[in-house]
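First to last, the protein sequences are chains A and B.
Residue numbering for the first sequence follows the working numbering, beginning at 10 and increasing consecutively.
Residue numbering for the second sequence follows the working numbering, beginning at 10 and increasing consecutively.
Take these hints with a grain of salt, some might be off.
A pair counts as met if it fits within one copy or between any two copies, since identical chains are not told apart.
[What the hints assert, rightly or not] List of simulated lysine to aspartate or glutamate pairs, EDC-like, C-alpha gap at most 20 Å: (1) Lys-245 with Glu-493; (2) Lys-26 with Glu-57; (3) Lys-342 with Asp-16; (4) Lys-325 with Glu-491; (5) Lys-243 with Asp-515; (6) Lys-331 with Glu-110; (7) Lys-505 with Glu-220; (8) Lys-342 with Asp-54.
None of these hints come from the bench; they were simulated from the model.
Spelled out from the first residue to the last, the chains are:
Protein chains: 2
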Amino acid sequence: MDLVINDVLIPDFKTQKFVKGCVGINKGRVVEVSQAPLKGEVVLDGKEAYLSPGLIDCHCHIESSYLIPSQFGTQALKRGVLHIVADCHEIANVAGRKGLEFFIKDSENTKCNILFAVPSCVPATSFATSGGEITLEDVETLFHYEKVVALGELMNYEGVINKEEKFVKMIELAKKYGKVVNGHAPKLTGEKLRAYVSAGIEDDHENETYEEVLEKIQAGLKVFIREGSAEHTKDKAYEIIKEYSEKVMFCSDDKTAEDLITLGHIDYNLRKAISLGIEPILALKVATYNGLLHYGLKEFAEVKVGNRAYFVLFDKNFKVRKLVIDGEVYDVKNVKSKVSDVPEFLLNSFKVRPIENVPRVKHHELCILVRDGSLITEKLVLAGHDQEYDLENDILKIVNIERYGHGNRSAGKIKGFGLKRGAIATSVSHDCHNILAVGTSDKAIKAVVNAIIENQGGLALFDEKEVYLVSLRVGGIVSNEEAESLVKKLRFLKEKAKELGSPLTDPFATLSFMALEVIPHIKLTDKGLFDVDRFCYF
Amino acid sequence: MDLVINDVLIPDFKTQKFVKGCVGINKGRVVEVSQAPLKGEVVLDGKEAYLSPGLIDCHCHIESSYLIPSQFGTQALKRGVLHIVADCHEIANVAGRKGLEFFIKDSENTKCNILFAVPSCVPATSFATSGGEITLEDVETLFHYEKVVALGELMNYEGVINKEEKFVKMIELAKKYGKVVNGHAPKLTGEKLRAYVSAGIEDDHENETYEEVLEKIQAGLKVFIREGSAEHTKDKAYEIIKEYSEKVMFCSDDKTAEDLITLGHIDYNLRKAISLGIEPILALKVATYNGLLHYGLKEFAEVKVGNRAYFVLFDKNFKVRKLVIDGEVYDVKNVKSKVSDVPEFLLNSFKVRPIENVPRVKHHELCILVRDGSLITEKLVLAGHDQEYDLENDILKIVNIERYGHGNRSAGKIKGFGLKRGAIATSVSHDCHNILAVGTSDKAIKAVVNAIIENQGGLALFDEKEVYLVSLRVGGIVSNEEAESLVKKLRFLKEKAKELGSPLTDPFATLSFMALEVIPHIKLTDKGLFDVDRFCYF
Numbered sequence: 010m011d012l013v014i015n016d017v018l019i020p021d022f023k024t025q026k027f028v029k030g031c032v033g034i035n036k037g038r039v040v041e042v043s044q045a046p047l048k049g050e051v052v053l054d055g056k057e058a059y060l061s062p063g064l065i066d067c068h069c070h071i072e073s074s075y076l077i078p079s080q081f082g083t084q085a086l087k088r089g090v091l092h093i094v095a096d097c098h099e100i101a102n103v104a105g106r107k108g109l110e111f112f113i114k115d116s117e118n119t120k121c122n123i124l125f126a127v128p129s130c131v132p133a134t135s136f137a138t139s140g141g142e143i144t145l146e147d148v149e150t151l152f153h154y155e156k157v158v159a160l161g162e163l164m165n166y167e168g169v170i171n172k173e174e175k176f177v178k179m180i181e182l183a184k185k186y187g188k189v190v191n192g193h194a195p196k197l198t199g200e201k202l203r204a205y206v207s208a209g210i211e212d213d214h215e216n217e218t219y220e221e222v223l224e225k226i227q228a229g230l231k232v233f234i235r236e237g238s239a240e241h242t243k244d245k246a247y248e249i250i251k252e253y254s255e256k257v258m259f260c261s262d263d264k265t266a267e268d269l270i271t272l273g274h275i276d277y278n279l280r281k282a283i284s285l286g287i288e289p290i291l292a293l294k295v296a297t298y299n300g301l302l303h304y305g306l307k308e309f310a311e312v313k314v315g316n317r318a319y320f321v322l323f324d325k326n327f328k329v330r331k332l333v334i335d336g337e338v339y340d341v342k343n344v345k346s347k348v349s350d351v352p353e354f355l356l357n358s359f360k361v362r363p364i365e366n367v368p369r370v371k372h373h374e375l376c377i378l379v380r381d382g383s384l385i386t387e388k389l390v391l392a393g394h395d396q397e398y399d400l401e402n403d404i405l406k407i408v409n410i411e412r413y414g415h416g417n418r419s420a421g422k423i424k425g426f427g428l429k430r431g432a433i434a435t436s437v438s439h440d441c442h443n444i445l446a447v448g449t450s451d452k453a454i455k456a457v458v459n460a461i462i463e464n465q466g467g468l469a470l471f472d473e474k475e476v477y478l479v480s481l482r483v484g485g486i487v488s489n490e491e492a493e494s495l496v497k498k499l500r501f502l503k504e505k506a507k508e509l510g511s512p513l514t515d516p517f518a519t520l521s522f523m524a525l526e527v528i529p530h531i532k533l534t535d536k537g538l539f540d541v542d543r544f545c546y547f
Numbered sequence: 010m011d012l013v014i015n016d017v018l019i020p021d022f023k024t025q026k027f028v029k030g031c032v033g034i035n036k037g038r039v040v041e042v043s044q045a046p047l048k049g050e051v052v053l054d055g056k057e058a059y060l061s062p063g064l065i066d067c068h069c070h071i072e073s074s075y076l077i078p079s080q081f082g083t084q085a086l087k088r089g090v091l092h093i094v095a096d097c098h099e100i101a102n103v104a105g106r107k108g109l110e111f112f113i114k115d116s117e118n119t120k121c122n123i124l125f126a127v128p129s130c131v132p133a134t135s136f137a138t139s140g141g142e143i144t145l146e147d148v149e150t151l152f153h154y155e156k157v158v159a160l161g162e163l164m165n166y167e168g169v170i171n172k173e174e175k176f177v178k179m180i181e182l183a184k185k186y187g188k189v190v191n192g193h194a195p196k197l198t199g200e201k202l203r204a205y206v207s208a209g210i211e212d213d214h215e216n217e218t219y220e221e222v223l224e225k226i227q228a229g230l231k232v233f234i235r236e237g238s239a240e241h242t243k244d245k246a247y248e249i250i251k252e253y254s255e256k257v258m259f260c261s262d263d264k265t266a267e268d269l270i271t272l273g274h275i276d277y278n279l280r281k282a283i284s285l286g287i288e289p290i291l292a293l294k295v296a297t298y299n300g301l302l303h304y305g306l307k308e309f310a311e312v313k314v315g316n317r318a319y320f321v322l323f324d325k326n327f328k329v330r331k332l333v334i335d336g337e338v339y340d341v342k343n344v345k346s347k348v349s350d351v352p353e354f355l356l357n358s359f360k361v362r363p364i365e366n367v368p369r370v371k372h373h374e375l376c377i378l379v380r381d382g383s384l385i386t387e388k389l390v391l392a393g394h395d396q397e398y399d400l401e402n403d404i405l406k407i408v409n410i411e412r413y414g415h416g417n418r419s420a421g422k423i424k425g426f427g428l429k430r431g432a433i434a435t436s437v438s439h440d441c442h443n444i445l446a447v448g449t450s451d452k453a454i455k456a457v458v459n460a461i462i463e464n465q466g467g468l469a470l471f472d473e474k475e476v477y478l479v480s481l482r483v484g485g486i487v488s489n490e491e492a493e494s495l496v497k498k499l500r501f502l503k504e505k506a507k508e509l510g511s512p513l514t515d516p517f518a519t520l521s522f523m524a525l526e527v528i529p530h531i532k533l534t535d536k537g538l539f540d541v542d543r544f545c546y547f
């Protein structure tokens, strides 16, 4: 045998018990499981440890980490996450199917088993200008990839409920090709929820409370408990695992590289469940077995003879001790991914020249109000206010510079960023990823916008002396460097933003949602100030 | 020996290891700790269990649970919390020193060791009308109680930094009587933080980020990691335990009865720390030893010969298995407190008659904007808006009815409660606890306000047919019934509020902060609409 793991606790999800045993592995598969110690070439001592199937992240947007898939995979592996289902709709908004195909290719550079869900709603609406689109034809093409296991979250639930042709056909295609259909049903309830489910939706991750997950499970959905950087299912909802342990899975949805490094990935959900009183065997079932079966990865879902040897060795507090990938043992400290070769069309994705003039504010009486930690903005009415910049009252200018060659530009007023000097900008701006900047003067805004254009993507800050930039060169939204070094740069930039006066926890993250026209109440797209409540421009 | 606990893991906080051992207890004290099994009358099998000192909640406002101390103590015990330091400034705002003295007396009805911090800032300001006051004389009187171990959080940090006489004297008194001086330093940093510490402040619980706790510890403070119902120290801040394990403690600050029952108390902080990668021995040190020493409870802080036998038997996942209190073994399921005899002045604390007319809105152009989960409000300017009720735009009337016999009443506009019919009201309204109501018509507001006045306190809801009331009869802010039955009633009322259209998670909790004149940006006290930013009335 290539590998023997003796004296280890193996989860048995049927009897819901851990069983002491010894595992023999040959050519990447389990060949023996016994009570008595086995002999082999490499022997791992499993004393007081759990040998578990790999953790699976059932739904995530890799781009939220600013990392490319291969580097994201490295961080996932360090946390015992051996399988990921990624819905990469950000790169699709920038570069369409070609962008996704690069991500699929890049994912081969990590030993993490990254699988894909084809984004179903790109672009999100027709109100803003994106660089890419995913057509019905693209969906079918992508379904031929072995690594594609799902149709990504159907965010346009009204469209699904109203049986819009495009969505009906997409779901039919998914069924035809044997792909899972991911849902997105925030606050959906009653009749509407039932209509959404009966359209063929299989799961949902937009869960906050216990009551929501209960209703969704009773309506026929599987539910993902989410621990992202900004959005969390509430602690009390974990209770559902006690009643419906087979219907629950874990996901991260959106997680920053910093949070992946410092807090963890699906191992965080796992330990949290246990800390909230869920039996370890049930928590582990939710973190591994349920998701693996959901996506048809039966061969990876249990430690038993014949199955693939993809395992995590956990210590008794469920910290990762070692990984077994395809029968090989890895120390989590030494996990690395291969460096990726990024194609030209993604390295130079900006079709806009440095700006000469900063656009002027159009609606002087309207102001976007932001609050720390929330994607939802409020509309402030400023009667008789006619200054573009009013630092005393924290009213700054925000601009949106479209970057795909159509020449759209817009400007508005915004309150809450708190900058006292300088400006900040980002080319990560959901979902279209045009350039957004907030600043205290036209000069400062121009400096940060042009720094991003010249670099072809990134986060920029101007402190009235120098421009600081974190490069996000791949499609203008992610970086191909290692997580640790990228995080250091991002931390530095956040500190700088504090020095400029911003009270926001992460002003770049907040800024990146200021163009998203599907979240209430007032946003600035490349075409102007958008009233989400009435779903039209002001 | 009265009690023997064999074969148990005992924390040794000096060597930072768990040691297997056996513990003998006689007359409420530890008389033997040995490697070999002991014999005695009652024998507890500690196999695979930890025997720990009792958990301590280093800072909490019992009233946030709507429970009186004895009933709060019952819930705490169920979670292994054997010691609590309570700053009961809510009852002090209602009934002054006499209110506190009843709480101290009531706390004798539970086996939980409830200790007290004398509230230092009652009332919070002179802008609103409270029922009670804590003078310097009161502080000194209360310091004579054995159960009083601290001077409560000095919320007026500007006053402390500027050496206002009252605070200088209070701190001097605390030092003289050997009491801990609790701090309250939200976002305090640099020079101001150092001035606050050098005034004699010893600890702080207003912590969110890792950077904050680091700076505060370096400035000389001990820090409490807080897990309340609304406010949480961030996960990343737990990291500080690895570097400064002796400077960190746990607290709950404000926790609802529902959260105490479903999520837990300090056991929640403990398990969360472990789930975030803190070594169990360090997490336990923070949850017990550090806080016990901070408040001079050395005899309770370690399992060793001569010490008091107040212990928690935890299973390996740190769930409470049994309690040992004063040498007696308790099953957590059977913990009960004695029923308290509430004095007349607290049962009938309302000096106001049912209202005939609902006050009229004064500033038609101003509107309070609330957001779910936040105490901070925003000022909306409604140019030309002259209706008192505008349901289509979710603009409702809010009223404040002063209840201590001064006859003050006020009214304003509020957006965010989302009621489509009826009204809700509460006599819990920080810090003065006058009556606050929000409703869709004068008729509905009158119904809920008068229901509270007639019952002498509680939460009320009117659905256009019936008035529903949860009685909070003790000082109009807490109940003397058991947590479980009270929680059922509160849940029912919250569900009812949803039926009326409110999207808020807990509209009664949100409402209870709408008069608090020290939290930005616009509030309604009994005297009118208050501009927190300029610290004066509109």
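Hint check results:
| no. | hint | result |
| --- | --- | --- |
| 1 | Lys-245 with Glu-493 | between (33 Å within a copy, 16 Å between copies) |
| 2 | Lys-26 with Glu-57 | both (15 Å within a copy, 17 Å between copies) |
| 3 | Lys-342 with Asp-16 | neither (24 Å within a copy, 36 Å between copies) |
| 4 | Lys-325 with Glu-491 | neither (30 Å within a copy, 37 Å between copies) |
| 5 | Lys-243 with Asp-515 | between (22 Å within a copy, 14 Å between copies) |
| 6 | Lys-331 with Glu-110 | neither (31 Å within a copy, 57 Å between copies) |
| 7 | Lys-505 with Glu-220 | between (42 Å within a copy, 15 Å between copies) |
| 8 | Lys-342 with Asp-54 | within (18 Å within a copy, 40 Å between copies) |
The structure fails to meet hints 3, 4, 6 from the earlier list, while all remaining hints are met.
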